[in-house]
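Please model the entire structure based on the sequences and the hints provided.
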Amino acid sequence: MNPDAEKVSYSLFSCIGTGFAAIALGAQLKRWYGIEDIQFFERHSSLGGTWFINKYPGCACDVPSALYSISFAPNPDWTKVMPSHSELWEYLDKVARDYDLVRKMAFDSPVERCEWIEDRSRWRLTIRHHQSDTTYYHESQFLFAATGCLVTPREIDVPGVETFRGEVVHTGKWRPIDLEGKKVVMFGNGCLPAIVHKTKSLTQVVRTKHWIMPSLDADVPPWVRLVLKWVPAVAWLQRLMIFCVAENSFRGFRMTDGGKKFRASQRKVSEDYMRAAAPAKYHDMLIPDFEVNCKRRIFDPGYLQSIHADNFDLTDEKVVEITPDGVRTANGFIEADVLIFATGYHTNQFAAGIDVRGRGGETLESRWEALGGEGAYNTTAMSGFPNFFFLLGPNSVTGHTSTVMALENCINYALRVIKPVLKGGSATAMIKSDAEQRYVDDIQDALQKTVWNTGCGAWYTKTSRDGTKRWNAMGYPYSQPHFWYRCLFPVWSDWQYSGRAAYASQIRNQGSGLWIRAVVVAIVTLAVLGFLGRDWLRGIVPDLSAATRGSAAFVPNYL
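Numbering that gives the first Met the number 0 puts the first residue of the sequence shown at 0, with every later residue one more than the last.
No wet-lab data here; the hints were simulated from the structure. Quick reminder that beta carbons are idealized off the backbone N, C-alpha and C, glycines included. Just to be clear, a hint being listed does not mean it is correct.
Calculated lysine-lysine pairs in the DSSO-like style (CA-CA distance at most 27 Å, straight line) [claimed, not checked]: (1) K317 to K172; (2) K197 to K54; (3) K29 to K93; (4) K182 to K54; (5) K79 to K172; (6) K54 to K199; (7) K182 to K199; (8) K54 to K208; (9) K172 to K208; (10) K197 to K172; (11) K228 to K29; (12) K197 to K280; (13) K199 to K280.
Simulated DEER-style distance windows between Cβ atoms [what the hints assert, rightly or not]: (14) S492 to E117: 21 to 29 Å; (15) R274 to R153: 27 to 35 Å; (16) T467 to Q130: 43 to 51 Å.
What follows is the structure in structure tokens.
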């Protein structure tokens, strides 16, 4: 099919995905600039991203709802401190409808290819519509990839699974199944507390250990919801308090004396809890021997209590194969009617399954090969890919707080650096190659000094492309205030603007109001963080200084 012979639709902005990041992008475009010319493309049949895909029993967030929500779209009606997947989906659906985004979403429409058209300064997307099995094309000046980084379930890597006569299900592709009176074998523990009492027997095959902390979850009483609804200042203070508590735990990720002491205290809390809550016969199989925070901590969703059930058994025996009737281990056989794989997702993948080609036909893979591994400037932009931005791209994941904060910072950063283009001063914005390489190198050097690099086999890391070191394309090695300041004050000298705009968009100019709000928030935050300790401010001042020096030439465009 020749795209030039087909009708090609157009929007100023295109976004791949309809999860948290995509919805926040559409809303922020409207809030900041009054722009509604955006089209979303979603491979699934509904919006929601992670919170549409994951529907297994007991699926919930492990970050308090007050913080795991969009800052400008607070929800006073959360019923739980740690919201369920269904409550999170309902929240996202409401925000999307409040900002009139749903009508701009094309569902069952996976993007297969994105190609930069140099002579038009546009991105051309090739989209496959599942239901009609047809291909169509769409162009836009700006392209955002909000595809998520935990979206593709890990393949079942146990030999013989195809011979099993019963039902096989992965928690990332959950479908309703009848577990009443069934013998179940589970790899991983994603939904165990919600199903163990429905089964005749449940055997969990444990492959890895995790530090498990006491639960933070609780019901939110109706009177509290009323206060949060009618006194917004209380909701704001609640969010700030949770942010500060969560950010305080970032100390445990640094390989410093202070970080070592913090991890030791957290280890004691976790180990004491695990020994008190879990059956003694399972302690050796459950309690890790690696550093706290090397793998993501688990706030107990009821798991340790559930494994006291009479019909439950835990084993760490090596699995040899799956047979038609069950699972053969190194020392025995486990009969099964149902196999459940809660084995997680592929990591260190971004825009997976999409052929993204920038200037000169360069692919993301070839660019990452040149960089040494997956990376992006400020987790968001890549040289050779004009007007293209990741949301929650390489090195944007936090191990201690809400990823929603990180994605909002990514959005705000991208919308700041494209403002000169939106105002008609140029056609493209692209990060300079040397700035990108310098940033990626600095991030990887900093990550070598974090707890993620202590050898626990965490999903954050893999071997670098040249095979010389561990490469972490997931974690961000600094605090979220650090990232916030990097996004608040772009280093304009790292960016290049080129071409002549076809037209000047009529955008709503925030003017000095943006700066006034930014300064007020910055002062309040610095006061809070400074009070809590000097480690909070480490790394922010150099970034702010660099941003100030690099911004002078572009201040008129920024304002």
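Structure-based check of each hint:
1. Restraint check for K317 and K172: the C-alpha separation of about 25 Å stays at or below 27 Å, so the hint holds.
2. The suggested pairing of K197 with K54 holds, with an alpha-carbon distance near 18 Å, which does not exceed 27 Å.
3. At most 27 Å may separate the alpha-carbon atoms for a hinted pair to count; K29 and K93 meet this at roughly 16 Å.
4. Distance hint between K182 and K54 is fulfilled; the C-alpha atoms sit about 22 Å from each other, no more than 27 Å.
5. For the proposed pair K79 and K172, the alpha carbon gap of about 25 Å is at most 27 Å, so the pair holds.
6. With a CA separation close to 23 Å, the supplied pair K54 and K199 stays within the 27 Å bound.
7. Of the pairs offered as hints, the one joining K182 and K199 holds, with about 5 Å between alpha carbons and a cut-off of 27 Å not exceeded.
8. Straight-line distance between C-alpha atoms of K54 and K208 comes to about 24 Å, which keeps the hinted pair within the 27 Å bound.
9. Proximity of K172 to K208 is assessed by CA-CA distance (about 24 Å); at most 27 Å being required, the pair is judged to hold.
10. Straight-line distance between C-alpha atoms of K197 and K172 comes to about 20 Å, which keeps the hinted pair within the 27 Å bound.
11. The hinted pair formed by K228 and K29 meets the criterion: a straight-line CA distance of about 24 Å does not exceed 27 Å.
12. A hinted pair counts as satisfied when its Cα atoms are at most 27 Å apart, and K197 with K280 qualifies at roughly 23 Å.
13. Proximity of K199 to K280 is assessed by CA-CA distance (about 21 Å); at most 27 Å being required, the pair is judged to hold.
14. Between S492 and E117 the CB atoms are about 24 Å apart, so this pair conforms to the stated range of 21 to 29 Å.
15. Taking 27 to 35 Å as the suggested C-beta distance range, the pair R274 and R153 conforms, at roughly 30 Å.
16. At about 47 Å, the beta-carbon gap between T467 and Q130 stays in the expected band of 43 to 51 Å.
When each numbered hint is compared with the structure, no violation occurs for any of them.
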